[in-house]
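**Q** Throw the hints in and build the complete structure from the sequences for me.
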Amino acid sequence: MTEGPIAAEPPRRGIGEGLISGTAWTAIHVVVSVPIAFLVNVVVARSLGVVDYGRLAILTMVLALATAAASLGVGAALMQFVTKASEAARHRDVARLVSGAQGYNLLVAAPVVSLVVLLVVDVPWPFLLLAVVFGIFGPALLQVGPILLATEHRSDRAAQIALVSNLVIQGTVVMTVLLHPTSSAVWIARVVATGALMVLPVLALSPRLRRAATRPGSPWSLPAAFWAFAVPTGLAALVSQLVTDRVQVFFLEWLEDSVAVGLFALAFGLAAQILAPVQAAVGPLLPAFAALRERGNEQARVGLLRVTRVSAVATGGVLSLGLPPLAALIPWIYGQPFEPSADYFVVMACAAGFVVVGSASYASLMARLRGGTYLRVNLLALVVMVSVALTTIPLLGAWGAVASMVTGTLARALLMVAVEMRAHVVPRAEMTRAFAPVVLATGVVLLVWFGVVERLGADPVVAAVTGGVMGAAGYMLLVALTGSGLTPEDRDTLLGAVPSRARRPASIVLPLVSRRR
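8 is the number of the first residue of the sequence shown in the numbering used here; add one for each residue after it.
Source of the hints: derived by calculation from the structure; they are not laboratory data. Keep in mind that a hint or two might mislead.
Stated by the list, open to error - Computed list of lysine to any residue pairs in SDA-like fashion (alpha-carbon distance at most 20 Å, straight line): (1) 91 with 263; (2) 91 with 206; (3) 91 with 306; (4) 91 with 231; (5) 91 with 308; (6) 91 with 304.
As the list claims (entries may be wrong) - Computed Cβ-Cβ distance ranges for the label pairs, DEER-style: (7) 338 with 429: 43 to 51 Å; (8) 171 with 480: 37 to 45 Å; (9) 185 with 453: 35 to 43 Å; (10) 263 with 516: 44 to 52 Å.
Computed from a predicted structure; not experimentally measured. Quick reminder that beta carbons are idealized off the backbone N, C-alpha and C, glycines included.
**A** So this is what it looks like as structure tokens:
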């Protein structure tokens, strides 16, 4: 029997409608936000200098790791269980899940993170108070907003909110660093602005979900299956962050190499920024794969391969066209002290490309509720990363940190792909062909950068133009010669999904990275 208040609500969005609209708005968000974030990062790096920029990275990492540890996978589990319950119209279950998750966030996670920050972070006490209120308890109360928007397939609304929030946050950071250029002040400004703006996704929820989000309940009311998935997934997420985030800065700081901390932090951040457009586009995958699993294994298998192919082509294009020019311009943009970051950036961005392409396998793994498998994959990758860090960082400094990041990142991404290949019975040759574009782009970029651009010793602008042209041309040529890239069906699907104004340029570009019929 349908509940009265629920029946009056607008119908739930379909997966396809949500994905297409969400992708379009995500693209707009990325086009606007990424350049702004890039410019703000330039202002921050130039204002703080190499050493204080590294200090900012360490403060950011402390809060991020403490939050990941205390969250215990509740957010990931909430997304999966609420999506499945909503697809089945089990509205009372949705309310209980949201209420219980909110209880955990406020009564358990937030106090634990606050304790860690108070004990570890060395900043003036007024800054600490602001961090606890706006960076910990505020987000704990409001963090279900983006998750629930995703479960309603409203990634378009989430992207609109993210666009506005990013503009406010970046503006706050710029004003702060210009008025008070210290790592502590910039860190607190970002924390306070981010925490305060998390109220916007909650306000965008449907009345039913907003009521549930504002009524925290007992975390122990959550079902056993919820915790069975959340705990190993949360541990895996923490381990994953240790593998994929810039934790190497702690090793470098332990060796008292503050300059290397700043150089590595800048290169790592740039690697994430240049791939942000592709990474953002795969953001709606988690709830979409959860829903596809409810509709049959074959649909999930087709979705896994298609998203892998599309993300590999897009990632390869971004790497080959964008990496050499940006690396060449680093000393001109950020200042001569940051010049060594260029080599680190090229290598780490190529490795990060495999993470982006492997996002489809991660989404598929989460949709199958394989939290234990995800934990084991990340533990193996962490062992690889730490082993390389301990043996190479004392000898090679920042290059050892780069080696640690690359090996851990690749191990994690490829292990998840292997797990999902086996689960969906995907032949090795088929998945290899899907991954081929990003592999080809990596080879082209490394050859162009280390074999040509660095040897030219030319003006940064000349080197940037040369690297971009050679990278893009080499990538498209290899994709055509190897017959990899998008299938005709992929190309037709993408052309049908893009806005009408962008269809003509897309019809010119997509055939260049597509297989022949």
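**Q** Now tell me, hint by hint, if it's right for this structure.
**A** The hints, checked one at a time:
Proximity of residue 91 to residue 263 is assessed by CA-CA distance (about 49 Å); at most 20 Å being required, the pair is judged violated. The hinted pair formed by residue 91 and residue 206 fails the criterion: a straight-line CA distance of about 25 Å is larger than 20 Å. Of the supplied pair hints, the one linking residue 91 and residue 306 holds, its CA atoms being roughly 16 Å apart against a limit of 20 Å. Note on residue 91 and residue 231: the hinted pairing holds, with a Cα-Cα distance of about 16 Å set against a maximum of 20 Å.
Distance check on the hinted pair: residue 91 and residue 308 sit about 18 Å apart at the alpha-carbon level, within 20 Å; holds. Distance check on the hinted pair: residue 91 and residue 304 sit about 15 Å apart at the alpha-carbon level, within 20 Å; holds. Distance hint check for residue 338 and residue 429: the Cβ-Cβ separation is about 46 Å, which falls inside the suggested range of 43 to 51 Å. For the hinted restraint 37 to 45 Å between residue 171 and residue 480, the CB-CB distance of approximately 38 Å keeps it satisfied.
Remark: the range hint 35 to 43 Å for residue 185 to residue 453 is upheld by a beta-carbon distance near 38 Å. Separated by about 49 Å at the C-beta atoms, residue 263 and residue 516 satisfy the suggested range of 44 to 52 Å.
Of the numbered hints stated above, those contradicted by the structure are hints 1 and 2, listed in ascending order.
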